[in-house]
Amino acid sequence: MKESTGSPREGDAEAIELTLAGDPDAYRVLVERHSVSVFRLAYRLTGNRHDAEEVVQEAFLRAYQKLEQFEARANFGTWVYRIAANHSIDRMRQKRTEEARREEPSRRVSEGAETNPMELVADHAPSPERLAQNTELKGQIERAMDTLSQAERTAFVMRHWEGCGIEEIAEALNSGASATKNTVFRAVQKLRNLLAPLVRQPAEARTMGTPS
Amino acid sequence: MKHLSEEELIGYRENEAMENTVIAEHLRECADCRAEFTRLDAELTAVFAALDTLEVPEPGRGYGQRVWNELAPRLKPLRDPANRLSERVAWWQGWFAPRRLAAFAAVAALAVLAFLAGRGTKHEATPEAVSGVTMREKVLLLAVGEHLGRSEMMLTELSNTEAKHGAARLIDISAEQKRAEDLLAENRLYRETALEQSDGRIANVLDDLERVLMDVAHSPDEVTGVQLGTMRQRIAADGILFKLRVVGADLEERQRTTPAESDKLQNDRKKV
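For the record, the sequence lines run as chains A and B. Just so you know, we're using my numbering here: the first sequence kicks off at 1 and counts up by one. Just so you know, we're using my numbering here: the second sequence kicks off at 1001 and counts up by one.
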């Protein structure tokens, strides 16, 4: 986790002690210090601002309610992160179940044999910088992220954007280290299959089947 | 020579492969795997760079302050002895709250009624006579019909609760929350009974209802306008109000088919 691990842990410990002693205002320090990084994580996991803000609120509320279970030697930032990741998983799982009931399965971006990555390849494969300017391609990147299961998405986000270790991710997923490694692998593999054709150099893209 | 799999190469790149040194050695010796790894590494570097272009909006200056402003009213002191004592009292009082006692009484009455109905019908001799099991089904229909009506009313009221003071102000939904708790206890009993009687349609709608009731019962006493909006959306998304109306109307229809029995049940209920 990039930001929280760099936060002054002594300040966190003092705020936790005061909060546990019955001063809820002391919790403000922890909220103000960690809320932006928790928001970023929640946004990457949920994919929208509204859900992300709800997750932030709920994560800090749950952390407060469980503060007596928090081990003093642990890192509060990591702990609230894990709570936020868990809550994001629950929230998105619930949302997906609701959506699945309403939507036709065909509307979802399919995986595996049904998806031909070459269909996503543009005529002139753009650089990552140009991709950013292209709304349609950004949509394709977002859809690629949407093909990940909630566990895969969480594992990938925590690993690649937040720099979390396998054990930390495993705790958030309530899973073993070996299973978590597999989850990370599956996420990377899916994203590679879907996005590599988009980011290949034009020459390579041509050799992949575009007639010269 | 056995070549390395994609999983091993990705694991190696992630520095999480089980046998990192063995893989490194293999890559030194095997030109094919080395070429494959170089290709994979270049592709993943480009893929991750593309993924990095997905923007995370800045939550804005003073975001932490905003989070705190919304959160602070929901926090109770953790080690305030008076607060703990009052919580303990509230916990005990909860079991004896009139509404909860009424719910328990209703459930107990249903059990007694079902027993009496079953026993009373055993002595009826004609083959077409309603059996004890059938009577129990009728009792269930009647009780579930009323339960669905009460649930529908509570959810409709919750859906119509207005956030009068904007998204940041808290809205007290403690009354609806308590009603949802009581309805949840009844709902579980009815759902189990419906399953025992293989009435899948009723069991399904009670299952859907249980999720919504649980959501409301487990929500905080006070919610923000945004949170209330989310709850409303969930209620609407499940289409639960529509299902309740449809099944409620169906139950009424099924009861109407045997009015005499229904009247008898109503009388029995009154006695109980």
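Do not take every clue at face value.
Partial selection, computed: residues in chain A whose CB lies under 7 Å from chain B [what the hints assert, rightly or not]: (1) PHE70; (2) MET92; (3) VAL199.
With a straight-line cut-off of 25 Å between C-alpha atoms, the simulated BS3-like cross-links for lysine-lysine are [as the list claims (entries may be wrong)]: (4) B:LYS1178 - A:LYS66; (5) B:LYS1076 - A:LYS95; (6) A:LYS190 - A:LYS95; (7) A:LYS66 - B:LYS1076.
These are calculated hints, taken from the structure and not from any lab test. Where is the CB? At the ideal position from N, CA and C, for every residue including glycine.
message = So, against the hints stated earlier in the document, which numbers end up violated here?
response = The structure conflicts with hints 1, 2, 5, although it agrees with all the remaining ones.
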